[in-house]
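A.B. asks: Sequence:
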Amino acid sequence: MRINGLRRFSTKPHTIKKKLTISEEDEIIKLRRNHQYVASKIKHILKLKTSISTIHRFLKNKGFVRKYGYHIRPFYQNTIHMHLGNTKTIGYLQMDVKYLTPELT
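The opening residue of the sequence shown carries number 1 in the numbering used here; numbering runs sequentially from there.
In case anyone wonders, no lab produced these hints; they're calculated from the structure.
Yeah, the Cβ is synthetic: ideal placement off N, Cα and C, and Gly gets one too.
Don't take every hint at face value.
Label pairs and their calculated CB-CB ranges [what the hints assert, rightly or not]: (1) 51 - 8: 50 to 56 angstroms; (2) 91 - 15: 28 to 34 angstroms; (3) 94 - 22: 51 to 57 angstroms; (4) 15 - 35: 51 to 57 angstroms; (5) 41 - 21: 18 to 24 angstroms; (6) 72 - 17: 40 to 46 angstroms; (7) 29 - 84: 31 to 37 angstroms; (8) 63 - 103: 56 to 62 angstroms; (9) 10 - 79: 35 to 41 angstroms; (10) 34 - 99: 15 to 21 angstroms; (11) 41 - 16: 21 to 27 angstroms; (12) 30 - 84: 46 to 52 angstroms; (13) 100 - 41: 24 to 30 angstroms.
Straight-line Cα separation of at most 30 angstroms, DSSO-like style, residue types lysine-lysine; simulated pairs [unchecked claim]: (14) 62 - 88; (15) 19 - 30; (16) 88 - 67; (17) 49 - 19; (18) 62 - 30; (19) 43 - 30; (20) 62 - 98; (21) 98 - 12; (22) 88 - 18; (23) 30 - 60; (24) 88 - 60; (25) 67 - 98; (26) 19 - 98; (27) 47 - 30; (28) 17 - 49; (29) 47 - 18; (30) 62 - 41; (31) 19 - 88; (32) 30 - 41; (33) 47 - 60; (34) 49 - 18; (35) 30 - 17; (36) 62 - 47; (37) 49 - 88; (38) 19 - 47; (39) 41 - 60; (40) 88 - 17.
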């Protein structure tokens with residue numbers, strides 16, 4: 001005896017809201033082949049509404065992305081972690097010099 005209100009439904013997405021069209025896919029492939037642009041630049045040039053990760057996933061599925069992947073660095077990464085006041089103890093200082101003067105040797 002089963003109650004219809006307690007039946008389990010699938011939780012998978014049934015529609016893809018931001019799917020790439022065939023013409024968009026062709027333009028993405030053309031830009032990638034001719035200029036080797038990354039997903040963020042392709043999105044900006046073509047003015048696409050889809051996310052960067054969608055474009056990157058499409059490029060990855062088509063074999064345009066290398067195995068080790070890419071790392072997008074933050075544009076405005078603050079440098080607070082490198083300030084002297086943020087260290088707990090005094091550590092070593094590494095200095096690279098090209099020429100040594102006689103006073104230093």
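A.B. asks: Now, for every hint given, state plainly whether the structure supports it.
C.D. replies: Right, here's what the structure says about each hint:
no.	hint	result
1	51 - 8: 50 to 56 angstroms	violated, 30 angstroms
2	91 - 15: 28 to 34 angstroms	violated, 55 angstroms
3	94 - 22: 51 to 57 angstroms	holds, 54 angstroms
4	15 - 35: 51 to 57 angstroms	violated, 33 angstroms
5	41 - 21: 18 to 24 angstroms	holds, 20 angstroms
6	72 - 17: 40 to 46 angstroms	violated, 24 angstroms
7	29 - 84: 31 to 37 angstroms	violated, 50 angstroms
8	63 - 103: 56 to 62 angstroms	holds, 59 angstroms
9	10 - 79: 35 to 41 angstroms	violated, 48 angstroms
10	34 - 99: 15 to 21 angstroms	violated, 46 angstroms
11	41 - 16: 21 to 27 angstroms	holds, 24 angstroms
12	30 - 84: 46 to 52 angstroms	holds, 50 angstroms
13	100 - 41: 24 to 30 angstroms	violated, 45 angstroms
14	62 - 88	violated, 48 angstroms
15	19 - 30	holds, 18 angstroms
16	88 - 67	violated, 39 angstroms
17	49 - 19	holds, 10 angstroms
18	62 - 30	holds, 12 angstroms
19	43 - 30	holds, 13 angstroms
20	62 - 98	violated, 47 angstroms
21	98 - 12	violated, 61 angstroms
22	88 - 18	violated, 48 angstroms
23	30 - 60	holds, 15 angstroms
24	88 - 60	violated, 43 angstroms
25	67 - 98	violated, 37 angstroms
26	19 - 98	violated, 55 angstroms
27	47 - 30	holds, 15 angstroms
28	17 - 49	holds, 11 angstroms
29	47 - 18	holds, 14 angstroms
30	62 - 41	holds, 18 angstroms
31	19 - 88	violated, 50 angstroms
32	30 - 41	holds, 13 angstroms
33	47 - 60	holds, 20 angstroms
34	49 - 18	holds, 7 angstroms
35	30 - 17	holds, 24 angstroms
36	62 - 47	holds, 21 angstroms
37	49 - 88	violated, 46 angstroms
38	19 - 47	holds, 15 angstroms
39	41 - 60	holds, 16 angstroms
40	88 - 17	violated, 50 angstroms
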